[in-house]
Amino acid sequence: MANQTFDKRQAGTYLFILVLAVLFALEWGPGSKGCTRAEQAEANVKEAIATVNGKEIPVAEFATIYSNQLRQYRAQGLTAELAKQLGMHKQVVDYLVNSELLAQAAEARGLAASDAELLEVLQKNPDFQKDGAFNPDQYRQVLRDFYRSTDVEYEDKLRRRIAADHLRDLVEAGAVVSDDEVHAKFLKEGNTAKATFVRFSPTAYVSKVPAAKPGQVDAWAKAHEADIAGYYEMNKMSYFQPERAQVRQILIRAMSDDPKAKRDEAKQKIENLKKELDSGKDFAELAKQFSDDTESRDKGGDLGLIERVSLPTKLADAAFALPAGGVTAPVETPLGWHLAKVEKKVAPETKTLDQVRTEIATQLWTREQAKALARADAEKALAAVKSGKSTLKSLYPPEEKKKEDDNPFAMLGNSGKTEATETGEFNAGVTSIPQLGAQPELLKAVFDAAAPGTLDKVYEVGDGLAVVVLDARTKPTEEAWAAQKETLTTQAIKGKQFELRESFVKGLKQAGTVVVNDRAIERVTEG
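Residue 273 is where the sequence shown starts when you use our numbering, and the numbers rise one by one after that.
Quick caveat, the hints were computed from the structure, so don't treat them as lab data. Treat the hints with caution; some may be incorrect.
Heads up, simulated PhoX-like pairs for lysine-lysine below, C-alpha to C-alpha not over 20 Å straight-line [to be verified]:
(1) K766 x K460
(2) K665 x K689
(3) K665 x K466
(4) K327 x K781
(5) K539 x K586
This structure is a prediction, so every number in the text was calculated from the model and none was measured.
Produce the entire structure from the sequences given, and follow the hints as far as they go.
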């Protein structure tokens, strides 16, 4: 896929535009002005992109919408690869499936489009206009050349879409919000803050932890038996040791893309070596003489005590199926031809707590010491900022970010470096702080604060610590509520309408049968 370089804000904007455009701008129906004859003819294959309760949605319909949407995004600088990565094809399929579900549901409920409604939609479509007015000849020509449809077929589809719109309007009519609901949302969303913080990660201090004195870790372990046992139980899988075997090998190299004659010669050579082994020759001596594996040859082919993943799959399957002392038949892999001898086998096991107690104690003791060092620096920074002698940015300047290094799909936040980071604005309706994640204690402290300033303690954030300065605090006012009430109410109703519509369509999907043709989608989007 082509490498795309753009910043995180662009990525979010692109995704937002994409969803809005596909969900709402598709209302123009099954065709679009500007679709060329060649594109439409290529798309017009007799195949379904999806089947909804037995009714097929033609590939042509999907291809028409997809190609026109793609043309719009290319005009904005997006590539086909990026549009697909952002899921445009899925949005188009969802639109078509949902429209068909609504049309079927409208028909089942006796909803239909009147002739007057049909005529109004036709007359407003700019595809069918000439000199600013509906033109019957233009209408028939566009249907023939671009929509690949007769007027009867097209008007039937249009009637079904209008009926679906009526049903959607009925569903959305149930959207009601109270002033109290809107006001509560206003109080949360109007209660905002912006902050700068420095995260002190213990991992950054591990290298600064002095070596433990004799007996220090043992003494710590005795006082923290429960912590050690708890850590062991939570991480037990990391102490699992899969089956291992001490293996020797002889390799006669012949790569899969080598000439057939060379591969045949390698096969013959390995078969001859197998005969010598069967006659009693020593595997290690033959490996020293004939193996092409330079790393193990001088050691008699000894690969050491290894797991299955250390060998090519076919060779691993053959070797690990043998008992100690067994020799495989010749095995071909992309590297060439192999013989393997199993010297010994070790059954899979999970190390016991007693076996790893000292290892865990050392790890936890080191982590504790590192966190103490991190806390000391955090407390020092907090004192300096509260005194007014320094700012977080002067103490821990943020590293300049290179635009080309940005990953638009990566999680935002501190990368582990001890540097000042801005959260951007967030409100009391969120459950996590930008860049810091879900931190209930810190979130409460932020919105308990009446004004900008330094929060008065070092906060635990995950496995680290943070010093936080509020750069801005805004509380909602009655004046703002009066000015925004109408807009917020409209937004709330639209949000409720969306929820009702999505819930209704979800119910239709669950009650029906929808089959999506992924292969057909792939052909259109890759074409």
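Agreement of K539 and K586 with the hint, judged by alpha carbon distance not exceeding 20 Å: holds (16 Å)
Satisfaction of hint between K466 and K665, Cα-Cα up to 20 Å: holds (15 Å)
Agreement of K766 and K460 with the hint, judged by alpha carbon distance not exceeding 20 Å: holds (19 Å)
Given pair status - K689, K665, alpha carbons within 20 Å: The given pair, whose Cα atoms are some 13 Å apart, holds under the 20 Å limit.
Pairwise hint evaluation, K781 against K327, where the allowed Cα distance is 20 Å at most: holds (14 Å)
Going down the numbered hints, you'll see the structure goes against none, and every one checks out.
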